[in-house]
Amino acid sequence: MKSRILVLLTMLTVWVAVGVAQQPNKVDPVEKIPGKTQVTETVLVPAASHEQAQATLTKKETPAFYFDDAYKSNCTRCHLAPRRFPERKMATIMRHMRVRANLTEEEAKGILRFLTQ
Amino acid sequence: MKYRKCVPTIVLLLGLTTSWAHPQATQENEEERIKPVPVVTGYAGVITSSEPDKQTVVPILTPVFLVPFGENWLIEAEFEVEGEFEREDGTWNKGFEKAVEYLQVDFFAHRYLTVVAGRYLTPFGIFNERLHPIWIKNLQPTPLILPIEAGSGNGLMLRGGAQVFPGVNLSYSGYYSALTTTNTIESKRMAGARWGVFLPQKQLEIGASFQRLLQDERSNSVGLDATWQVPRTPLDIRMEYARNSEGSGYWVEAAYRLRKVDFWKPFFRRSQVVFRVEQFFAPSLIDEIAPEDFDHLGDEHDDLAFSVGEPIDEGDHAEEGDHAEEGGHAEEGGHHGRLPEVDTQRLTVGWNYYLSDGLKLSFSYGRDLNSHGNFWGLALTYRFLF
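Residue numbers (this note's numbering), protein chains in the order written: chain A, 1 to 117; chain B, 118 to 503.
Everything labelled a hint here was simulated from the structure, so no lab data went into it.
Where is the CB? At the ideal position from N, CA and C, for every residue including glycine.
The reader is advised that the hints may include incorrect statements.
Between beta-carbon pairs, the in silico distance windows are [said to hold, decoys possible]:
#1 A/Arg83 to B/Leu478: 16 to 26 Å
#2 B/Leu352 to A/Arg83: 17 to 27 Å
#3 B/Lys171 to A/Arg83: 35 to 45 Å
#4 B/Ile354 to A/Arg83: 23 to 33 Å
Can you make the complete structure from the sequences, with help from the hints?
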C-alpha cells in the first residue's frame, strides 16, 4: 500500500513538473536582470571550486550568456568544475549531467552553449 | 503480489505523462549544431589504508561509457574492477572484485522528465549516486550509513527537475527495482524516491529520500540530505541522515579550499582540508527481536538471555571482529560496505592536493571514538576522458 502511495506521489511530482512545462520558459532573459555576467576567459581553470569558477567570469551584458548562472550553481555542486572538453564530447557529457543533476532541457542546452562558446 | 498491481498504474501514468508532454521541437535545438559523440571516461586510482594490525592496497579501474543516439537518448554504463591486497599478521591476501555500477538507457521524454531503464545507482541521499566516484569524494573512507543507500537497482526510474518559482528548483527521482541475484548485478526488490529543493542563488540543496524494500522484512528507509556551497567562500558543507530497521546515523562534512593562505601560494591554492563527523546508532538487540519472535518460546523464556547473546540477523551488518570492513574504510572503491554492529562515532580529517584536472592526491586520518581505533589512508586518483 505504502509503495503505491509512493508511486502516486512520484507521478504527482512528474505531473506538476509537466504542468509547469506547459507554461513558457520561466528563465528570465538576461536583459531584465541587472549585473549579469559574461564569460571573457575561455579556459575554465582546472580543479576550480565554485568560487574560482565565479572568478573566471567578469561583468558584461549579453543575452546569450545568461546560462552562466546555471553553470555556476550546478556544475560545482557535486564535483569541482571540470575543464572544457571538445564541443562534441561536451554535448555528450551534458546529456549525462542532465540525467545526474536533474537539469531541465533549457538548463542542459544553455549550459552546453555556454561551455562551447 | 499486491505490488504487481502498481505496475499497470505506472505504465498508464507514464504513457499519459509522456504523451501529454510537448514534443521537443518547440525548443531551439542546440544539438542540431553540436552532434554528441560516444565518450569513454571513468577513473582509476590506488587507495591504501592502514590500521594497527592490517594494511590494505586497492587498485581500482572504473571505465564509464557514454553512447548518445538520436536527439533524446543516451546509453551510459559504469563498470568497476578492483583488486584487494590485504596484509594481516604478516601475510598478504589477494582478492579481486568486479561489478556493474550502472548500465542504463536514458530517454529525455520531456524537458522536465527523463525515463531511465536498466541498472542505475539508487538515488537515495547524495553519496551513493553523486559522490561515490573516487575522484569526486572528498574523503576516501565512505560514510558509515552508506549501506542504507542500497547501491544499484535494476528496473525503471523517472526523474527530472523544474524551476517552480524564480530561484527555486524542484527535482525528483522515483524508481522501482526488481530482485536480481546474478553476481555483479545484484539488486533488491524495492521502490523509492528522492525529492530535492535547490536554491541556486543560495547554493543550497535539501533532499528527502524514501525507500521501501519489497522483499524479506519489507522495511522502509528514510533519508535527508543537504549540500551548501557557502557563497563567496571556498567552503562546501554536505550532510546526510538515514534510517532503516538496521540502524540510523548521520554524517556532516566540511571541505575548505585553502585559497586565502598568503604564503606558499602555489601549494595552498591546490590544497583542500576536509573534516567529517559521523555517528551510527545500531538498533539494540531487544529492538531487533519482534515480540512475536518470543511467542513460540512459551515456557522457555529462560533461554532468552542466550538467544539475545547470539547474532540474530547478520543482514547488512559487519560481523564481529571484522571492524575493518565497517563503513568501508578498508573497502575503498566499492561502496558496498556493511553497517557497523554497534554504536559508532567517527571523526575523519583529510587533505586533498589537486595536481591537475582530475588528478588528486588524498590523505585521510580517522578515529573511531568508541573503539579508539585509528586508521589512515593515502590515495592517488585520476579521472580520464577520451
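| What hints, given by number in increasing order, does this structure fail? | Hint check: nothing fails, all pass.
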